[in-house]
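Undergrad: Sequence:
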Amino acid sequence: MNKFVNTLNMLPFYIMTIIGAIGVLGILGALLAVLRRRMGPRIERKAFLTRAEIEVLEYLRRVLPGHHVSCQVSMGALLKPQRGLSRKEFWRTRNRFGQKIVDFVVIDPDTGSVEAVVELDDASHDAENDRARDALLALGQYRVIRIPSRPRPTESIVREATASLRA
Numbered sequence: 007m008n009k010f011v012n013t014l015n016m017l018p019f020y021i022m023t024i025i026g027a028i029g030v031l032g033i034l035g036a037l038l039a040v041l042r043r044r045m046g047p048r049i050e051r052k053a054f055l056t057r058a059e060i061e062v063l064e065y066l067r068r069v070l071p072g073h074h075v076s077c078q079v080s081m082g083a084l085l086k087p088q089r090g091l092s093r094k095e096f097w098r099t100r101n102r103f104g105q106k107i108v109d110f111v112v113i114d115p116d117t118g119s120v121e122a123v124v125e126l127d128d129a130s131h132d133a134e135n136d137r138a139r140d141a142l143l144a145l146g147q148y149r150v151i152r153i154p155s156r157p158r159p160t161e162s163i164v165r166e167a168t169a170s171l172r173a
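In terms of our numbering, the sequence shown opens at residue 7 and continues consecutively.
Think of the hints as simulated: they come from the structure by calculation, not from any bench.
The hints are all genuine.
Quick list of in silico lysine-lysine cross-link-like pairs, DSBU-like style, CA-CA up to 30 Å: (1) Lys52 x Lys106; (2) Lys86 x Lys106; (3) Lys106 x Lys94; (4) Lys52 x Lys86.
If you anchor each label on the Cβ, the simulated ranges turn out as follows: (5) Ala133 x Thr99: 20 to 30 Å; (6) Thr117 x Arg42: 46 to 56 Å; (7) Ile107 x Gly29: 42 to 52 Å; (8) Arg93 x Ser170: 37 to 47 Å; (9) Ile60 x Ile33: 48 to 58 Å; (10) Pro47 x Ser76: 21 to 31 Å; (11) Val30 x Gly104: 38 to 48 Å; (12) Ser76 x Pro154: 15 to 25 Å.
Please read these numbers as outputs of a predicted model, since none were measured by experiment.
Even for Gly, the Cβ is constructed at its ideal location relative to N, Cα and C.
Work the whole structure out from these sequences, hints included.
TA: Have a look at this one:
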C-alpha cells in the first residue's frame with residue numbers, strides 16, 4: 007500500500023516531467039524549422055536533358071550541319087516586351103514568358119539569328135499550353151517546329167521536320 011501511495015504522490019511530478027519534455031521537443035522542432043528556412047531551399051541536381059532530348063539534339067546537329075543548335079533556351083532570351091509599356095505592363099508581359107523554356111533553337115551561325123524553335127512534344131507537353139506558347143513565339147516572328155515524341159523520333163523524322171531549314 008505504501009508503494010501505491012508513493013506512486014500516487016509522485017504522479018504530479020511525472021505529469022510535469024512529461025509536459026516539460028513535450029515543451030522542449032516543441033521548442034526544438036521550431037528551432038529546427040527556423041534553421042531549415044535559413045539554410046535555404048532544399049535543392050538537388052536534375053538531369054539537364056532527357057534521353058529522348060539527347061537523341062533529338064544529336065539528330066538536329068547531324069541533319070543541320072550548317073547551323074548551331076542550342077538546347078533548353080529561356081523564352082526570355084528570345085522575347086522581350088515592347089518598348090513604351092508602363093512598368094506594371096512591362097512586368098506583366100515579361101512574366102508571361104520569362105520563366106518558360108524551349109527545347110531547342112536552331113541558329114544561323116553567320117548572323118546569330120534564330121531560324122526556328124524546335125519542341126519535342128513529350129508527356130510534359132499540353133496541347134492548349136503549347137498553342138499559347140506558339141502564339142507568343144509567333145509574336146516574336148519565330149517559326150516553331152514540333153516533333154512528336156511518339157513514336158520515338160528517328161533521324162529521318164527529324165530530317166523531315168526540319169527540311170524547310172535546309173532549303
